[in-house]
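Protein chains: 4
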Amino acid sequence: MTLRVGVIGTGMIGQDHIRRMSTVLSGVRVAAVTDVDADTARRVGAGAGATVHATGAELIADPGVDAVVVCSWGPTHEEYVLASIAAGKPVFCEKPLATTQQACLRIVEAEVAHGSRLVQVGYMRRYDQAYRALKAVLDSGTIGAPLFMHCAHRNPSVPGHYEKEMAITDTSVHEIDMVRWMFGEEIAAARVLVPRRSRHGGDLQDPLLLILEMSGGAIVDVEISVNIRYGYDIRGEIVGEDGTAALGELSPVTVRRSGQVSGPVPADWRERFLRAYDVEFQEWIDSIASGSGPVGPSAWDGYAAAVVSDAGVQALHSGERVTVSLADKPKLYAEEVAA
Amino acid sequence: MTLRVGVIGTGMIGQDHIRRMSTVLSGVRVAAVTDVDADTARRVGAGAGATVHATGAELIADPGVDAVVVCSWGPTHEEYVLASIAAGKPVFCEKPLATTQQACLRIVEAEVAHGSRLVQVGYMRRYDQAYRALKAVLDSGTIGAPLFMHCAHRNPSVPGHYEKEMAITDTSVHEIDMVRWMFGEEIAAARVLVPRRSRHGGDLQDPLLLILEMSGGAIVDVEISVNIRYGYDIRGEIVGEDGTAALGELSPVTVRRSGQVSGPVPADWRERFLRAYDVEFQEWIDSIASGSGPVGPSAWDGYAAAVVSDAGVQALHSGERVTVSLADKPKLYAEEVAA
Amino acid sequence: MTLRVGVIGTGMIGQDHIRRMSTVLSGVRVAAVTDVDADTARRVGAGAGATVHATGAELIADPGVDAVVVCSWGPTHEEYVLASIAAGKPVFCEKPLATTQQACLRIVEAEVAHGSRLVQVGYMRRYDQAYRALKAVLDSGTIGAPLFMHCAHRNPSVPGHYEKEMAITDTSVHEIDMVRWMFGEEIAAARVLVPRRSRHGGDLQDPLLLILEMSGGAIVDVEISVNIRYGYDIRGEIVGEDGTAALGELSPVTVRRSGQVSGPVPADWRERFLRAYDVEFQEWIDSIASGSGPVGPSAWDGYAAAVVSDAGVQALHSGERVTVSLADKPKLYAEEVAA
Amino acid sequence: MTLRVGVIGTGMIGQDHIRRMSTVLSGVRVAAVTDVDADTARRVGAGAGATVHATGAELIADPGVDAVVVCSWGPTHEEYVLASIAAGKPVFCEKPLATTQQACLRIVEAEVAHGSRLVQVGYMRRYDQAYRALKAVLDSGTIGAPLFMHCAHRNPSVPGHYEKEMAITDTSVHEIDMVRWMFGEEIAAARVLVPRRSRHGGDLQDPLLLILEMSGGAIVDVEISVNIRYGYDIRGEIVGEDGTAALGELSPVTVRRSGQVSGPVPADWRERFLRAYDVEFQEWIDSIASGSGPVGPSAWDGYAAAVVSDAGVQALHSGERVTVSLADKPKLYAEEVAA
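Protein chains in written order, with the numbering used here: chain A, 3 to 341; chain B, 3 to 341; chain C, 3 to 341; chain D, 3 to 341.
Think of the hints as simulated: they come from the structure by calculation, not from any bench.
One or more of the hints may lead you astray.
Which copy? The list can't say, so a pair holds if one copy fits it or any two copies do.
[What the hints assert, rightly or not] Capping the alpha-carbon separation at 25 Å, the derived lysine to aspartate or glutamate pairs in DMTMM-like fashion look like this:
| hint | residue 1 | residue 2 |
| --- | --- | --- |
| 1 | K166 | D288 |
| 2 | K137 | D244 |
| 3 | K137 | E273 |
| 4 | K97 | E188 |
| 5 | K137 | D270 |
| 6 | K91 | E187 |
| 7 | K166 | E111 |
| 8 | K166 | D244 |
| 9 | K331 | D244 |
| 10 | K333 | D39 |
| 11 | K166 | D330 |
| 12 | K137 | E188 |
| 13 | K91 | D270 |
| 14 | K137 | E251 |
| 15 | K137 | E239 |
| 16 | K97 | D68 |
| 17 | K97 | D64 |
| 18 | K137 | D235 |
| 19 | K333 | D270 |
| 20 | K331 | E60 |
| 21 | K331 | D68 |
| 22 | K331 | D270 |
| 23 | K137 | D288 |
| 24 | K333 | D172 |
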């Protein structure tokens, strides 16, 4: 019972997922690919032994495709996800679900009309061993009700086309999804504090301090530093009424040399979250193969992340606290994060 | 050349400093004591072999007293510090320097009129080994210019008379002094964010998130949790352009037992800062004995802490960002923290 | 190109590897199974959709089996590995390769006669992320030539049938293989020191201190504690001329509660080495599928481990230092660990 | 009540203790000094405001000297300690107590004849915060009866006159005293294992592995590396029946930079044990001043260390296990470490 997956978008991320499904994971086969760049699609498709389609629509319609993975350019996500829903096929969409909250809401509505979950969004942190251990501690009640979460999202550098809003929409959106899942609550408001700029960021406003208020009243602060140079470093500590719990240090080796005791910091997000991506896809594959359907980040989660992102960008521009206003949550997602 | 110290106030803190000067430190002798509670003064004075005075004024005037330590009730600090300055005697004043910024400014003006430093204020964190190591890293330039400092000040519990403003004026005032010293900058503005309350705090608004803006543009966030139960925990991490530096973990012993690897957390501030108090007083004694005069936290530092505290309290009440407005800094303190 | 594997032995370990190959790894299918307990074989075979054979010989002869995994009772390993070599099929044999060094040598000779590597032995530590990071540091030269390695192998408890020799042959044999690989050297001598017994070990001589001398002159000490109660803990530190390198602490989460800062210790070897087993099998599968043949622990490694084990047992019985004496190393293994 | 101390030997160690007693500690004054180098004695004495004596005998006889500190050349220790006992004066003798076990035994006998303790030997590790925390865990019973202690004593380098026996007599003698105190047991036997030499040690046999058997049956292994380059590193882990306890990591600051998370390692023993020396002397001073007499390392401890050292040197030369044979322990030391 091998799941036959069609991949829309064979750029860097798409190729990485094709490699993952072809050579790392169990119970899956890349059956079809397509890309706006037909040459790349042909080359990648040949390497994977997959049928090459001219368009996403054709790929989705292919009876040899059981489920769809969308890794194309963000503005195209809505179209492919809606088409997958229309075809009744499970679809894994890399973040963002869509580029506007309105588009996300259209997907939510289409899925609700379909009547069962088909969509999963690619927020991989929920699959990271350290975040899962952190959530297990929180859920155990051993540190009491959460009051704060202190986070840091540090990138060694960003590409030249990175714009200041991307600190919210592209970088900290991972924390936005993570804390909704971690706390089992929606985000109620956002604000952004702006310190002096790093000399490494050029004209970019880097770093930022994003402050989120959870619906239950806890405050989450997220340092977003995208030119920190020293490595890729993801930190998180929950402060509860009775104690705290933090992501552990995960250095595989400790070296003593030249007056220092030290361990390595991951070089980039690939190194840090390599396993999380594997687990994310394997669990998705297993959920489709078992017939239970996707249980990971939902269209609602994708929509909520978009709304909070928008609020964050507005807060960045205005310097003010911005309230997050979500649509009514459909029953389909009732067992998901509660507002 | 033993320094003869007179101690005003023989309550808990005063007795601890008398013990310190009598049995731990070098080059010092407690020559005189006084307290509003004459019985306590007599008992403590007898134990220390010290003259007992009826009033602070009398003690300050005693020719057998070379220097004064003020540990009395806060509202009396101004009077005793001014009297010491008038007598031309060095005076170590436990925090706060005085209970209003106006009173602090009167002390500053009196000292400026005297023409040289006589006053030191009891901010002991500047003498802590870990904070000093942190400052050495920052000053070395190895992590670049500072952009953030993330702090936590966690108390296991507070006494019944603790009121919500004390989270700023009594608890986080240590961070207020520390960051001015750490960054070599004044604080430009304050704001306070308020999450849901801990059930351990009763009616108290606990915890709080104090946000300070440094004059150089860095942002300092301070989690203030005064009912955290698990221990006394002081955390601090500076984020620079090229890296970060944090207070180390200082567990003297690591135990593996019952499925856990663990180390102890200090039970209270006495345990955590015991050595810092010793070093603080020894350096003060040595500075007086050597004739150089005090080099630790100055009357200006005490004044600045009071102004920032006031701004913090105003921010707590208003929910707004409050600008810190300091008087012009006298030349006497020119080598101190620069605005 | 799915590798079709036949599994001999469907006990606990065999079932775990069948689960791994069926639901975790890529490019592999369990095509056939057999077990001395025919009922278990039928049940497990049905679950995996695999042909059930009456005997190991029949399974090895099955043309639908590309490669063999041997997880049966130790005394049967020699027969099945030799039969696989005779059939020219790659064979992965769980440790031990065989129960005597003479039997191991017969396998080495059979493989040499065959002319290329077919055999891999199941020493999974070489696939552990932390050990690999440690070896990368050592191989980089950054800590200089190795002088010591300090190891600990701690089990929370052992089953009732565990006998004292098993501390060497079953438990520390993992360190025996690991240090040969880590140092790229053979072991020259062994001795065993015996402290007082743990009350948890009953009549068992537990713990032990195994001392190994490497051919290059470094000394390896291995604490073997098999009733340590608190968890499963594997430690290793290499002391070089210029520094040291140690397996890192890998707690995914750090909790502060009740006066302690703590992290979890793995409960057992499954938890600690789960990923290492996955990587071990995936790399083995890939090496067979690619036609390069196995590159993991070889028949020679299995033989060397058996010889060192025997020396260790003799050292345990005699209390004396025992020299390790290996046969001449065939050229087939020339690129392996050098004597 | 200031204790007036006479210091015999004003070399590097003596000067450091004079500095300590003059400028760091409470309740003490350096009243007299002497040295074989009269010029140094005069210079140091003048700096400390102390009487300068021509000989140790004269200093000990000085009625202005309440207690004696012996920091002179090792071969002179016996004479000065015996003379102090004869004068009925407390004497703190830097290690070693004397250069032969016979001389140590003569001191023990003289003290026994005197009838109460006068002698304390300068083993400062018993005063180190981390070792004390480790002993508190062991004594609490929480990790059960001790089975092993794994130690490392690492020096960045040693002076040119360092000879191979000094690894035992000068370096690991600190561990020899420490484990007797830690376990409350005598050492029953010693052996030394010799790995390949570090290239940094020249002709020196460096490093060594010293193995000690405690009278209760626990085994202590001590890595002695005296050219490790990277810093001064003292490690210790006790393995008990129910868990383990280890000296903690004590880095005051944690830096993230250039792909590494790191903390400093102490540069030398002065940095690592600075506070232990202070505490050692303050407690000694207080014990003399209070009239209770010394409670730190006794003449018996000095004697036992000498006997174990001799056994260790013999083990180094012979390669064999050497039994430690102590004289009968006088009742005077009954509450000390029990055989």
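Results for each hint:
1. K166 to D288: neither (38 Å within a copy, 44 Å between copies)
2. K137 to D244: Within one copy, since 16 Å is at most 25 Å while 29 Å is not.
3. K137 to E273: both (22 Å within a copy, 18 Å between copies)
4. K97 to E188: For K97 and E188, only the intra-copy Cα distance (18 Å) is at most 25 Å; the inter-copy one is 42 Å.
5. K137 to D270: Both, since 23 Å and 22 Å are each at most 25 Å.
6. K91 to E187: neither (29 Å within a copy, 56 Å between copies)
7. K166 to E111: neither (31 Å within a copy, 47 Å between copies)
8. K166 to D244: Between copies, since 20 Å is at most 25 Å while 37 Å is not.
9. K331 to D244: neither (32 Å within a copy, 43 Å between copies)
10. K333 to D39: Answer is neither: 40 Å inside a copy and 51 Å across each miss the 25 Å cutoff.
11. K166 to D330: For K166 and D330, neither the intra-copy (30 Å) nor the inter-copy (37 Å) Cα distance is at most 25 Å.
12. K137 to E188: within (16 Å within a copy, 39 Å between copies)
13. K91 to D270: For K91 and D270, neither the intra-copy (33 Å) nor the inter-copy (41 Å) Cα distance is at most 25 Å.
14. K137 to E251: This pair counts as both: shortest intra-copy Cα distance 16 Å, inter-copy 20 Å.
15. K137 to E239: both (11 Å within a copy, 24 Å between copies)
16. K97 to D68: Within one copy only: 21 Å inside a chain, 41 Å across chains, cut-off 25 Å.
17. K97 to D64: within (24 Å within a copy, 47 Å between copies)
18. K137 to D235: Result: close both inside a copy and across copies, 19 Å intra and 22 Å inter.
19. K333 to D270: Classified as neither: same-chain Cα gap 38 Å, cross-chain 42 Å, threshold 25 Å.
20. K331 to E60: neither (32 Å within a copy, 60 Å between copies)
21. K331 to D68: neither (28 Å within a copy, 53 Å between copies)
22. K331 to D270: neither (36 Å within a copy, 43 Å between copies)
23. K137 to D288: Only inside one copy: K137 and D288 sit 22 Å apart there, 35 Å across copies, limit 25 Å.
24. K333 to D172: For K333 and D172, the Cα distance exceeds 25 Å both inside one copy (29 Å) and across copies (49 Å).
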